[in-house]
Amino acid sequence: MSGSSSDRTETERTERGNRDLPPTTPTRAAVRDCLDRVDDPELDRSLVELDYIDRIEIDDGSVEVAFTLPTAWCSPAFAWMMATDARDEIAALPDTESVRIELRDHMHETEITQGVNGGDSFGSVFPDADGDVSEVRATLDDKARFARQYEAIGACLDAGLDPRQIIDLRREELDLTDEDAVIAVGDIHVVVPVEPIVAFLEKARASGHVTDPGDRLFLTPDGEPIPRERFDILRKRMRLASVNMGGQGAVCDALNESRRAKLDRD
Amino acid sequence: MKVISFDCLATTGMYQANGEEIFVIDGHVHFWDASQENIIHEGGEQFIQCFHDYHTGFTPEEHEWTIDEYRNYDADRMVRDLFENGAVDMAIFQPSYLTDFYDEGFNTIDQNAELADAYPERFINNGRFDPRDGEAGLRDLERQKEEYDIEAVKVYTAEWNGESKGWRLDSEESFEFLEKCSELGIDKVHAHKGPTIRPLNRDAFDVADVDDAATSFPEMDFVVEHVGLPRLDDFCWIAAQEPNVYGGLAVAAPMAANRPRKFGEIMGELLYWLGEDRLLFGSDYALWNPDWLVETVMNAELTDEQKDEYGIELSTDVMKKIMGENAAELYDIDIEEKKKQLETDPITDQFGLDDHYAADAAAD
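Those protein sequences? They're chains A and B, same order as listed.
The opening residue of the first sequence carries number 4 in this note's numbering; numbering runs sequentially from there.
The opening residue of the second sequence carries number 139 in this note's numbering; numbering runs sequentially from there.
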């Protein structure tokens, strides 16, 4: 990643901070954090981690971000989601006055860049698409939820819970601290590593599941409680979903690396 | 034919170290033309650039081609790359027309015929159809059968065709073509399922249409190329339930080179869901060159952790099936007969492969 305005910006912020004045410019670190919260919906990994970001420019309250995907042919729907998510995350920073997101070297770079910055809808920019991107997003969020569930259930199994106990778990029986997830099973408490549980809950929420205290924690791909007799096969399918995302991630990483070298991006 | 190295044998422990021959059928090759003169749409340039990124992304540096080499290679080079070092015994052409992007087509059955006609014992020349071609397309399917006696077609559902940017295998029009195939004795369909851009508003990598087609045409076999990546999960789930659905390893195979752990996981899943009889090796030449890829895949191993998790190994028996026996079964090739035929064919003469096949005969 490159950019020239960051040093000045961070110095300014520090000076203002020292005088106890509220900052008026988003910091480079804050913008990066925003982008780190935006995932490639197909790979379930952040744009920063995937090294898609070409440039971050910050000029007072206006922020510009340019990014490139691993191919010129990456799904425009996915590109649209990433661009709009990045726009919305950065716009929500208290010091942002304006945001501009630029998609580069894509077969629909112009439509997507103009549409996202103009606040248009996907359907109006791509009239031959029959509908909006929300359905695609929901499908991919569900896939990511299901794939993340593999690690989360694995952690529960490792901690000694059996399949019956795992499928019966409710959100309210889970207590999260910084280090641990504590699961109440009857009178006993089982301690599980917190990371896979938190990662799973994040995607469960994004996909509209596990919202009430009484909701089951772990679900089928369709969002239903897991029947005991399907636990084993569903566990294999969770592994498969996770391998798919990781495998495709490896393909995209290699493509991205080749393409960035060719386009002289790094 | 690949003679497994001593090390590999020692690891699998299933055979003596005096050489177990593997008959290799490369199930997915192209003879393409992406020269500047042939490109008539920016999509054509983006396509070949993207292919080249795939190539460099998964090719050891010493085997990389320049973009100019990559655009357009001649028949001699293709023959050398496939057969000179004995990496491949036979190869199957999977044509991709893309005539909206390439004036004369990217690689058509008629272009592939240059090689397939010259070396009929080495190449299988597959046909293609596109249901949007309507009546003319049906007639052309008949022509392909008559002229080349095809027994399989490759279909590319994301191909642009004027206003249309793609089609589905389970559409009414497509079923009409599948019926025609069935009638003509074309009983295998290779469906490209990889990254596509359309339909714009959907998950563009849907493999569900293969499910319906495979159920409706149980007398035919469907090979999903690229094992559905990035929808390996959907593909495996469908294939687990449809016995006439196979996986083509093009694109997954070269991960053995620089992402061996991911390759192991993918193979673990494929073997778990489909078993060892429904997977076909393919280099996707010239995306990747079998002159190094075959050996890399043959020598790939699972980690101990993966062996425990999946309860499998990439044993010699399993690899023999994936590298050739499964394709031979699908295409009715008697490997022993074929070996005798290849012992005296022009390729064997050209590259002095007599020992290669003779040694094999001795080992039998």
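Quick caveat, the hints were computed from the structure, so don't treat them as lab data.
A virtual CB, placed ideally from N, CA and C, is assigned to each residue, including glycine.
Be aware that a few hints might be false.
Simulated restraints on C-beta separations [to be verified]:
1. B:Glu475 / A:Ser137: 37 to 47 Å
2. A:Arg231 / B:Asp278: 53 to 63 Å
3. B:Gln379 / A:Pro230: 10 to 20 Å
4. B:Glu180 / A:Ala32: 47 to 57 Å
Within a straight-line C-alpha distance of at most 25 Å, the following computed PhoX-like cross-link-like pairs (lysine-lysine) qualify [as the list claims (entries may be wrong)]:
5. B:Lys477 / B:Lys326
6. A:Lys239 / B:Lys400
7. B:Lys283 / B:Lys326
8. B:Lys476 / B:Lys326
9. B:Lys400 / B:Lys445
10. B:Lys445 / A:Lys239
Not close to chain B: a few residues of chain A, all C-beta gaps over 10 Å, as computed [unchecked claim]:
11. Glu45
12. Asp131
13. Asp267
Verification of the hints:
1. B:Glu475 / A:Ser137: 37 to 47 Å: violated, 57 Å
2. A:Arg231 / B:Asp278: 53 to 63 Å: holds, 54 Å
3. B:Gln379 / A:Pro230: 10 to 20 Å: holds, 18 Å
4. B:Glu180 / A:Ala32: 47 to 57 Å: violated, 38 Å
5. B:Lys477 / B:Lys326: holds, 24 Å
6. A:Lys239 / B:Lys400: holds, 17 Å
7. B:Lys283 / B:Lys326: holds, 13 Å
8. B:Lys476 / B:Lys326: holds, 21 Å
9. B:Lys400 / B:Lys445: holds, 13 Å
10. B:Lys445 / A:Lys239: holds, 15 Å
11. Glu45: Violated: least Cβ distance 6 Å, not greater than 10 Å.
12. Asp131: violated, 7 Å
13. Asp267: Check passes; 14 Å lies beyond 10 Å.
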